[in-house]
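Put the two chains together into one complex; each comes in its own frame, and the hints tell you how they fit.
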Amino acid sequence: MESTGGPSLLELDRVSVHFGGLHALRDVSFSVASGEIVGLIGPNGAGKTTAFNVACGFVRPSSGHVHYPAAGRSNVHPSELAHIGVARTLQGVGLFPHCTVLENVMAGGHIRAGGDFFTSLFALPRGVRSERALRASAMAMLERLGVADVARQLPSAIPYGVAKKVSVARALMSEPRLLLLDEPASGLDEAELEEFSALISELRSTMGVLLVEHDMEFVMPLVDRLVVLSFGEVIATGSAEEIRAHEAVIAAYLGVDE
Amino acid sequence: MGARWNQRVVAGTAVGAAAVLASWLGVGTARAATALSIAAVVLVAALALISSSEFRRDHPVVARAAISVAAVDVSLVVTGFFSSTVDSNLAIGAAMSIVLLGLSFLTGSSGQISIGNGAFMGVGAFTVAIWANHHATTPIAVVLLLAVVAGALVGLLLGLPATRLRGPYLAGMTLAFAVAFGAVLNLFSTWTGGDSGLQLPYAVNAPAWLVHFFQPGTSSLTTNSVWLVDVTIVTAGIALFFMANLFASRTGRAMRLVRDNDVAAELVGISLPRARVIAFTVSAAYAALGGGLWTIINNAVTPATYGFALSITILSLVVIGGIGTIPGALIGGLIYAFAASVIAWFTAHTGLNPQGNVASQLNGIIFGGLLVLTILFAPTGIAGFVRRRWAAWRSR
Chain A
1 MESTGGPSLL ELDRVSVHFG GLHALRDVSF SVASGEIVGL IGPNGAGKTT
51 AFNVACGFVR PSSGHVHYPA AGRSNVHPSE LAHIGVARTL QGVGLFPHCT
101 VLENVMAGGH IRAGGDFFTS LFALPRGVRS ERALRASAMA MLERLGVADV
151 ARQLPSAIPY GVAKKVSVAR ALMSEPRLLL LDEPASGLDE AELEEFSALI
201 SELRSTMGVL LVEHDMEFVM PLVDRLVVLS FGEVIATGSA EEIRAHEAVI
251 AAYLGVDE
Chain B
1 MGARWNQRVV AGTAVGAAAV LASWLGVGTA RAATALSIAA VVLVAALALI
51 SSSEFRRDHP VVARAAISVA AVDVSLVVTG FFSSTVDSNL AIGAAMSIVL
101 LGLSFLTGSS GQISIGNGAF MGVGAFTVAI WANHHATTPI AVVLLLAVVA
151 GALVGLLLGL PATRLRGPYL AGMTLAFAVA FGAVLNLFST WTGGDSGLQL
201 PYAVNAPAWL VHFFQPGTSS LTTNSVWLVD VTIVTAGIAL FFMANLFASR
251 TGRAMRLVRD NDVAAELVGI SLPRARVIAF TVSAAYAALG GGLWTIINNA
301 VTPATYGFAL SITILSLVVI GGIGTIPGAL IGGLIYAFAA SVIAWFTAHT
351 GLNPQGNVAS QLNGIIFGGL LVLTILFAPT GIAGFVRRRW AAWRSR
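Protein chains in written order, with our numbering: chain A, 1 to 258; chain B, 1 to 396.
Chain B extracted, bound-state conformation (with noise of 0.2 Å):
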């Protein structure tokens, strides 16, 4: 506790009062200069905190709490620059990064796969629809809880069978689900819509103090594009600080013990069925949140987005980006939100039809080259061989 991070947090807290001053004078309106300025001195802030060692060590929670708060306000800020369509992008690949956090939980640290995520978020994805179709006044903050709630719930039910279910055959079972998750939702086609799938009744706007706040005198936000990115993004920086408690507590080193060595892990007293369903538990939520944030995004869900492809899409942004590592989620989300960029570009400079038959399979084309490039050159992942090659240019 000594004094040489309070000094940085002084010190970092005038730098943002002088970027303040700055912002004034270099930003169009005066309220947007006030809300950058208020992003540069929270973010001086907590990069002054996070970059002491000492901090880290004696507050290992609000370091962390501050790693999530500067990632969201470097991502707040830039959003404001991006046009609609990349910001839309972005706001899909932000509520991937939340379901390949989950997954990246499971595999990483249990040692378990899911080929069943995909289905996983279409829990999430329409119990929002559903919910926000019958009680169009719940909060939508409350309504991403619901689906939580119906995604760890799902989870459990699968998990508990599948506790005395090891490698293959766990994935075998999710495999299952994954397959009959589309006939379920047939099934209960009066409450999903059937194949159509369902419409939200409302769309998630900017509350009006924010829209007063940026634009006097309107009544919504003339890009809500920026809207819908910044509340995904917002919310990843929860899941995000969320999932790094657990990495970092005694229920994430258990998940590790039980991956590394499953007699070892008993010994020192580890139910390993309990440790198994808690992660299963905890990656269909993630991925049931994912999903709820795309119905949100998109204003309507169907079921044909929530199909196996999806789960096998998931299961390989995990790898590539890093099994096992928050950066890796993030980085999976982040690749995730630009190969739709990717695509336009290549289909508007090659004249290629983008609603054409070689266009659509791209996704797939780009996801199994960059899967086939990381198992041959970084096994560990884009996260992994970035960390190798910074701890041997540190060392040099």
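Just chain A, with the same shape it has in the complex (with noise of 0.2 Å):
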């Protein structure tokens, strides 16, 4: 399989999923490389949101195999994901309800946060010191991505646009080698939109990023490469030229869809 640049962070490898009787994905293989910016697109259906969630572990493939050769894993458990440095944003948002922003931030770099039960238990000074830098790191990332002046609301009062971002800060708290972003342009407006490709491509110096993503004005001129499912088989995968060229690829999608 090919990749660009640094080495290889995620391999789907010859990946089947069945439910019951529908194949929702057959013989799919692709990879993302650190250093590089993935999409994952296809027409409603193709399979793009079941690709995503066999690459994180929450469905398991029904043949081939999920590898994470930079982490030297294979088909991990979704809440091992954190700690082979993978990070995932949810459709929507995702974020936890009853939680201040701050608190969501936090929670992305839970595994950094040092202690055990007992450690919380008896206050001990080592856990407040792990709780007091997660803190000051957290609003360190809220700054970052410029919406630190909600860190103290809670998700529901805040415009989609900016909990999209608080999200995004979430994933990036834990450090991750690779970023997995479900659907980051929905709902946001051009000048949103703006800044989440700015800010996707700026990652693509630390990280490896696959995106799953409906929006092809926002993801032609973002990503290094494009996958292109279609009933669950991959159709094609190249540069963004050369799938604005791939006749399958204008037959199956960017002629039907758009």
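Please keep in mind that the hints were generated in silico from the structure rather than gathered at the bench. Note that CB positions come from ideal geometry on N, CA and C, so glycine has one too. Don't take each hint at face value.
Derived list of chain B stretches under chain A, where covered just means 3 residues or more per stretch with a C-beta under 8 Å from a C-beta of chain A [as the list claims (entries may be wrong)]: (1) 55-64; (2) 269-277.
Some, not all, of what chain A presents toward chain B, calculated at C-beta under 7 Å [unchecked claim]: (3) G85; (4) R88; (5) G92; (6) P97; (7) H98; (8) L102; (9) A123.
Okay, structure coming up:
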């Protein structure tokens, strides 16, 4: 499989998923390397979300494997993702509704926060110090994304575009090597789209990014590579230009959908 | 770390010293006055620390300890002025507060429901009684710790298979435990005393030095109920401090994340089974501590106390007080403490037979009625209701 630049972070190897008699994915293979942005596109029902869920262990492949070569792991459970340097945002915003924005972002650094149950129970200095450090770095992350002013608000009280940034801030808190973005552009206005585009481009310097997206205008200029799914199969991979010219893609997707 | 809270402590201690002088003049015996003065100094110093938001931010753990100390301090002083009946009820209620803290953590933080906490209380209650009957010389603090460990172990054993269960299924399993508990006690009747339960082989009395301090020349306190309620209150204060630590820490946050959005919680690296087992074990350990204290207060334990109805009462009290909040658990404990007084007052004024059918159901009527009122008018419990009114009043 082709890859640009750095070490490979995620490899789907001939993954198939059946739900009963329905083939959601059939022999899907693609990879994401450090330093590149890969877009996963396809018409509705093509299996984008299933492929994404397989990549983070929410759905077990019926056959085939999911490898995380940089971490030396395969087929992990979702709760292990953060530990092997993989972060994911959820469709919509997926924030914790009864926790403040700051707590939401602190949650992203959960694995970095020190101390077990007894550290918490006895309020040992180690745990208190690490909570304080986590709070400070969460605040710094909010400032980096320009949304520090809503730190004390609940997610329900902030605009959608801001909440999306908070969800990215949360994902970045675990210092991932691979970031999985589930429809980062949905529900954003023009100005916010531009900001997000710039932000994601900037992330390329330290990690690999895989994103599922509908919005072609957002995806095309942003990604290094596209993987196109149709009826559960990869029908094309390549740069934005290659995909634009690809006949099967035009037939399956671009020509029909938009 | 500015000078502001330091100044408050100094000022507070000065006020406390003034209180020392005042109480020497005002209160009967010199020694009672000394005790009262120490209490006043401690209270003022604690309040001085708590009142500084700067201090609360820089030293959260000390501030939490100061809140616990202040609450215990006030409680200890007021118990000296109550009748022994009220003190006994307060002791029962303070122990209940500990149980409610545990369930509040389980339900409010991790979002699970347990209908078995009455039985977990029973585990602690019988642990204390059985141990004391076999090893009468073990210090009571150690026996209570054993009750906590026993509760945690049983909670862990039940919690492990329950980790794959959620919502109604976990509740169903805890229900099964609550129902089966009585039968298990009967199965081991040589240890548990069967239906009649166990007596403690000794009464838990105040240590000699304390008796000597307050009542020189006597061997035990004239009203031991004061001692029992004070032991319970101090224990509750310690339990409260630890619970506040949990709520404010990484562990507590993990619980809230699991409750709010379990998918997102997994993605930040939290293991759901682990979080659920921890919450369940903590709630069982707290319940067992409360039950162990009941054995000490009542000087005996009967299996009938720890039936299914108690588990339901505990659940109602958590909802009435306010799920997931520490004040809510304390309010629930107070309601439980004074329900007995209210019933006594009611039967005395209506001529209702206190041993009769109606009177024996009054507890259920009171808690059931309060529960309905809470759900209708204050879904976040009394603590949530007060907090909202307070916030509204301040922003006026």
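Problem - Non-conforming hints, listed in increasing numerical order - result: 3, 5 and 8
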